[in-house]
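Enquirer: Residues per chain, in single letters:
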Amino acid sequence: MERSGAQILMQILKDEGVDTIFGYPGGAVIDIYDALAKTDIRHILVRHEQGAVHAADGYARASQKVGVCLVTSGPGATNTVTGIASAYMDSIPLVVFTGQVPRPLIGNDAFQEVDIVGITRPCTKHNYLVGNIEDLPRIIKEAFHIARSGRPGPVLVDIPKDVGNNYMDFKRAPKKIHLRSYNPTYKPNIKQLKKVKDLIKKAQRPVILAGGGVILSNGSKELTAFARRTKIPVTSTLMGLGAFPGSDPLWLGMIGMHGTYRANMSTGGCDLLIAIGVRFDDRVTGKTDAFAAQADIVHIDIDPTSIRKNIQVAVPVVGDCRVALENLNSLLDKDDLPDLEDNRKEWLNLIAKWKSTNPLAYEQKDSIKPQYVIDKLFEITKGQAIITTEVGQNQMWAAQYYHFDHPNHFITSGGLGCMGFGLPAAIGAQIACPDKLVVDVAGDGSLQMNIQEMATAVQYGLPVKVVLLNNCYLGMVRQWQELFYDKRYSATHMEHAPDFVKLADAFGALGLRASKPEEVETVLSEGLSSPQTAIMEFLVEQTECVYPMVPAGSPITEMLLV
Amino acid sequence: MDQTRHVLTMLVDNQPGVLARVVGLFGARGYNIESLCVAETIDSQVSRITIVTRATEAGMEQIVKQLRKLINVIKLRDLTGSKAVQREMALICVRAKPEYRAEVLRIVDIFRCKVVDVGLEHYIVEVTGDAAKLSALIKLLMPMGIKKIARTGTIALFREPK
Ligand SMILES: Cc1cc2nc3c(=O)[nH]c(=O)nc-3n(C[C@H](O)[C@H](O)[C@H](O)COP(=O)(O)OP(=O)(O)OC[C@H]3O[C@@H](n4cnc5c(N)ncnc54)[C@H](O)[C@@H]3O)c2cc1C
Ligand SMILES: Cc1ncc(C[n+]2csc(CCOP(=O)(O)OP(=O)(O)O)c2C)c(N)n1
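Each protein sequence line maps, in turn, to chains X and L. Mind the numbering: the first sequence is residues 1099 to 1660 in my numbering, read in order. Mind the numbering: the second sequence is residues 206 to 367 in my numbering, read in order.
Hints are computed from structural coordinates only; laboratory data are not their basis. All values reported here derive from a predicted model rather than from experimental measurement. Some clues are possibly wrong.
[Unchecked claim] Straight-line alpha carbon distances no greater than 20 Å define the calculated PhoX-like cross-link-like pairs of lysine-lysine that follow:
1. X:Lys1407 x L:Lys319
2. L:Lys319 x L:Lys270
3. L:Lys352 x X:Lys1407
4. X:Lys1285 x X:Lys1295
5. X:Lys1319 x X:Lys1295
6. X:Lys1463 x X:Lys1329
7. X:Lys1285 x L:Lys319
8. X:Lys1614 x X:Lys1463
9. X:Lys1600 x X:Lys1585
10. X:Lys1285 x X:Lys1239
11. X:Lys1300 x X:Lys1329
12. X:Lys1285 x L:Lys270
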């Protein structure tokens, strides 16, 4: 049957199970939008294309599906770049469709032409310019396959207008994808895993470091079983929060620059570090020479480039986290483990001592402490909410004081650290999980970067909640200035901000404000239980800092405490 | 840390933008390219890229892994230290005033290269060989005055078992 490029795109999206697209129309994609209108695929009209990509990112993480965006050429395409870069850094599966000027005009500086394939080459897992309508079905299939397999990531497909509105004879997309050079390794080498098992049997002071890879591989259950059975305490990166239950006695808290005292000390003192699905970011390792210096390091990762990039390891294991953990668990089943109860006693006691230093303590006095707000948020939501964050102090407090028992409940821009991520990501997560409570923990600076998406949330009746920790500062930068730049607060004071309560109202949402500690609980309860989209603003202690803090480039065992 | 010279040869999809991906990766990650050579293979869908680079051992491991990760890189081999044939070609335009002509020709003869263009005051010499041979020739021609030079950069092939 003769089908247009736009119709073919729609049919393959349906085949791929796509039910939601985040996007923004324009001339170059008007034919695709016309075809979209004739399907039952839900389109979420954002207010800025950056919002579309972050929303698709939040959707992908909350649903474990591929997030899909559709935007026009030129400015529509360039507006997606920050969102794509964030998804790339965090290995989130997205397929972004951009319109392009008609093929005869490409290269002519045509109206709304940009070389988006060139621009996004370094921040996509792969990208395509569709040169012929005949290539379209194959390219779309490949795009989804590449985005979701192996180490996931964003894929961009640039579709010239005259590919979208040309016709070809089309029945169905190819079933088989043939990429001769792309074949991710899921099954790890058993020999390597046996070495890991032997190291576990020998170890006196082992630690597990779990990362975003555990969540991406859907391996939390296997990780939890593995840790409990080997009685190995677990820390995680920011991206790994929720991979292991935050309420488990073996949980050490987050590692790294703003990690807990016990997590960083345990990593410094361990003799075996089993790193699973992490990429040893500098926020995690601090000074690399001093990182886990006494330990044999095992590193399980699906992407060979992650291994030995920053940290030398004793046992590299290339493979999928979930498969590797499954295999390790069955190797352990077949083996006699030494008496772990006895074996671990000393180590776990030492960790308990570190824990009792309680560096996350704060005193709630006259003005609202941001930590207190997150504590209360955790309490009231019973730890069951999906939390997205903006970037900065708000993000770190959310990570430290909200304890995650489940994967895919903490959604944050970790690698790019992209302010303006949280609100659109919350919208995406809410669409993926309509019955869940979704809360964006925000700072006043970040929230203003994509505040326009409030309108999107209201338009689609999404009861997303913003918990705004308003300190009138670009707090995290201010903190660095306080600690390392002699308190010269260069350009970090946001002297003027909108009235967020009125602003919420203007968007047709609920706006609430707490300026005293005793108002915190009421505002949270009222805001969270409302069926509306809501901004809850908390006027918090303006100069509060995030602790512990490891100064950049120091060993992670050298922390500034309160 | 010691940097050593590596010759990387790779088969890539012969499509627009593929070279940009490979070269862009070197640029973005701060790896250097000493020479670069690209052309189609017998299979018109596939090109061979040969890159000479300098890196530490750890740096090289990352470069190789990152290149293999590119979807369009089909096969990659580090030919350094292995049994590979390495060749480079250069066209050298050398000044050849009457009093030097005999000397240039003698050098050309010794190096078994060819004069491919002759003018009143110049020769263009074509030479093929490994990097050492080319440098030696250039050194000898230098006193005569080299007007222009074009080098292909190294290409290499793994020697099949005998
Ligand atoms: C203000 C700020 C402060 C921060 N402070 C901290 C901090 O104190 N501590 C901290 O930890 N982070 C912190 N971060 C986050 C940090 O920048 C990194 O984003 C984070 O550490 C990366 O987490 P990860 O190593 O788990 O890797 P991710 O980015 O989640 O990468 C996942 C890894 O798993 C691999 N992988 C993917 N899929 C699979 C699979 N199926 N099987 C196996 N492997 C797979 C990938 O190849 C990759 O290596 C901070 C960020 C910001 C913005
Ligand atoms: C798009 C973007 N621009 C700049 C930065 C640098 N930056 C990191 S944290 C931060 C301050 C964030 O301020 P705010 O959102 O008010 O949060 P707070 O730290 O006060 O909680 C800034 C400016 C960034 N991460 N992202």
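Enquirer: Among the hints numbered above, which are violated by the structure, and what are their numbers in rising order?
Expert: 1, 2, 3, 6, 7, 9, 10
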